Each structure stands twice: as structure tokens, then as C-alpha cells.
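A.B. asks: Sequence:
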Amino acid sequence: MGGGEGFGRLTDVACAIGDMLVGLGFGQLVVVCGRNEEVRKSLSERRWMSRQLGEWLFQPLILGFVKNIDQYMTAADCLVTKAGPGSIAEAMIKGLPCLLTAFVPGQEEGNISYVTDNGAGAYIADEEPDQIAAKIQEWLSDPEVVQTMSANARRLAKPDGALQISRRICDGLLDLGTELEEVKATRMTRREQLLQRKEQRRQVKIEADEKLQACDVSGDADSA
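The numbers in full-length UniProt numbering rise by one with no breaks, and the one at position 145 of the sequence shown is 145.
I should point out that these hints are in silico values taken from the structure, not numbers from a laboratory.
Since we're looking at a predicted model, the values are computed, not measured.
Note that CB positions come from ideal geometry on N, CA and C, so glycine has one too.
Be aware that one or more of the hints could be misleading.
As the list claims (entries may be wrong) - Cβ pair distances, simulated, as ranges:
1. Ser166 / Asp70: 15 to 21 angstroms
2. Ala76 / Glu127: 19 to 25 angstroms
3. Ala162 / Gly4: 31 to 37 angstroms
4. Arg167 / Ala208: 28 to 34 angstroms
To be verified - Keeping only pairs whose Cα atoms sit at most 20 angstroms apart, straight-line, the calculated SDA-like set for lysine to any residue is:
5. Lys158 / Glu210
6. Lys94 / Arg47
7. Lys94 / Lys41
8. Lys198 / Asp209
9. Lys94 / Gly4
10. Lys94 / Gln59
11. Lys158 / Ile169
12. Lys94 / Asp130
13. Lys94 / Glu199
14. Lys158 / Glu144
15. Lys198 / Glu210
16. Lys211 / Gln193
17. Lys94 / Gln107
18. Lys94 / Glu127
19. Lys41 / Asp70
20. Lys94 / Arg168
21. Lys94 / Phe58
22. Lys211 / Gln200
23. Lys41 / Gly23
24. Lys158 / Lys41
25. Lys94 / Ala76
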């Protein structure tokens, strides 16, 4: 995939990987084209090569923009994508080795070294689609390498990262952390709440009895 906009030479890379899988004799391919309708249409109309074993034809799943990319990541063994931070972060959570093929200059360059230096994937520019396909073949032919990269990816994962960022913002700007501690300090158990209500009802009854007694005393005084 190439992000939400189908960035990079997605058609060339997908075709190279698809043709490689045909020769390899196993493997499935899902291509998420994002909003790039031209790429989606081109890949959907392409005549893919047969397996040459039996009558079944190799047919990748070609998609446009999807909202359930996490489900496809769960099903995958590896991910070929641009070096977008969101895609990489989600892939790490899924333990998904990444083969990065493109990046936005400046803002995404550091993401490549983050993945490669930590053993969670590799980088090959999408100007070399055949080399990308060869690297995927290498990975699929060596499950131990994929398992190692997958373990490294999970080690880098920060599944509660968004929550931690929100907490830091709230702590720094809104002093919400202090307020939450105060709430936590005053939080009562169910039993404590019931006891408190029982005590409140007892106090109300005492006050009502005292008022009633005061009225009786006043009435006796008037009679006298």
C-alpha cells in the first residue's frame, strides 16, 4: 500500500510482487490503492499470469481506500509501504515486518532508519520494483527471518502511545493529572457509598425527630 493517497510507484511494485508470487508458487497479495483510482483501475484490469499448476489463476485483491486496514494487517505476513508514521506505528503493533519503498523528503526519512536499524524491516526504493519483489521472496522463503523481524517490530510497538500523548497534553496544559489524582483519592467503593447513604438517612431521621420533639415542647408550653 502507499498511504491514503496511493503514493509512489504502486503499480510497478504490485506487478513485480504479483509476478514473483506466481513463479514462487504460493502467496497472496492485497494491494490497497487508497484514493488513487487510476492505480486501482489499472491493477484491477491487469491480466495476471497463471500458476501453471492446475487451472487456478493468481488473482490479487485490489482495494481502494479502506477503513479496516488493521484487519488486513492482521492477516498479512509482511507489509510493503511508504514510510508513513501511521502505517509504521500500526504495523509495529501488529508485529508486521515492513519493506519501505518511498518516503516524503524531510518528515519521513527518519522513519526508514527507525525500522531498519531496529531489525523490523528493510528499505528498497520503489524505482527498483524487481529488487523489492526479490526481497519479499527472500522473506517468504525464510520464516525464521520473518519471525525475528516480527518480534523486533512488537518490541518497538507503542499500542498506548496515543493515550500517553493525550495524558501528557492534559497534564501539561490543563492540570488534568492533578484533578484525576484528586478524583482517585476521593473515589469510594460500593460498600462505602452504601454506608454513607445509610448514615445520611440516619442523620435525616435524627433531625426530623428533634424537630418533632421541639414542636411537642412548644405545644405543652402553650397549654400551660
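A.B. asks: If a hint holds in the structure, say so; if it does not, say that too.
C.D. replies: Hints versus structure:
no.: 1; hint: Ser166 / Asp70: 15 to 21 angstroms; result: holds (20 angstroms)
no.: 2; hint: Ala76 / Glu127: 19 to 25 angstroms; result: holds (24 angstroms)
no.: 3; hint: Ala162 / Gly4: 31 to 37 angstroms; result: violated (18 angstroms)
no.: 4; hint: Arg167 / Ala208: 28 to 34 angstroms; result: violated (47 angstroms)
no.: 5; hint: Lys158 / Glu210; result: violated (62 angstroms)
no.: 6; hint: Lys94 / Arg47; result: violated (32 angstroms)
no.: 7; hint: Lys94 / Lys41; result: violated (29 angstroms)
no.: 8; hint: Lys198 / Asp209; result: holds (17 angstroms)
no.: 9; hint: Lys94 / Gly4; result: holds (19 angstroms)
no.: 10; hint: Lys94 / Gln59; result: violated (25 angstroms)
no.: 11; hint: Lys158 / Ile169; result: holds (17 angstroms)
no.: 12; hint: Lys94 / Asp130; result: violated (26 angstroms)
no.: 13; hint: Lys94 / Glu199; result: violated (52 angstroms)
no.: 14; hint: Lys158 / Glu144; result: violated (24 angstroms)
no.: 15; hint: Lys198 / Glu210; result: holds (19 angstroms)
no.: 16; hint: Lys211 / Gln193; result: violated (27 angstroms)
no.: 17; hint: Lys94 / Gln107; result: violated (23 angstroms)
no.: 18; hint: Lys94 / Glu127; result: violated (27 angstroms)
no.: 19; hint: Lys41 / Asp70; result: violated (23 angstroms)
no.: 20; hint: Lys94 / Arg168; result: violated (25 angstroms)
no.: 21; hint: Lys94 / Phe58; result: violated (26 angstroms)
no.: 22; hint: Lys211 / Gln200; result: holds (17 angstroms)
no.: 23; hint: Lys41 / Gly23; result: violated (24 angstroms)
no.: 24; hint: Lys158 / Lys41; result: violated (36 angstroms)
no.: 25; hint: Lys94 / Ala76; result: holds (9 angstroms)
When each numbered hint is compared with the structure, violations occur for hints 3, 4, 5, 6, 7, 10, 12, 13, 14, 16, 17, 18, 19, 20, 21, 23, 24.
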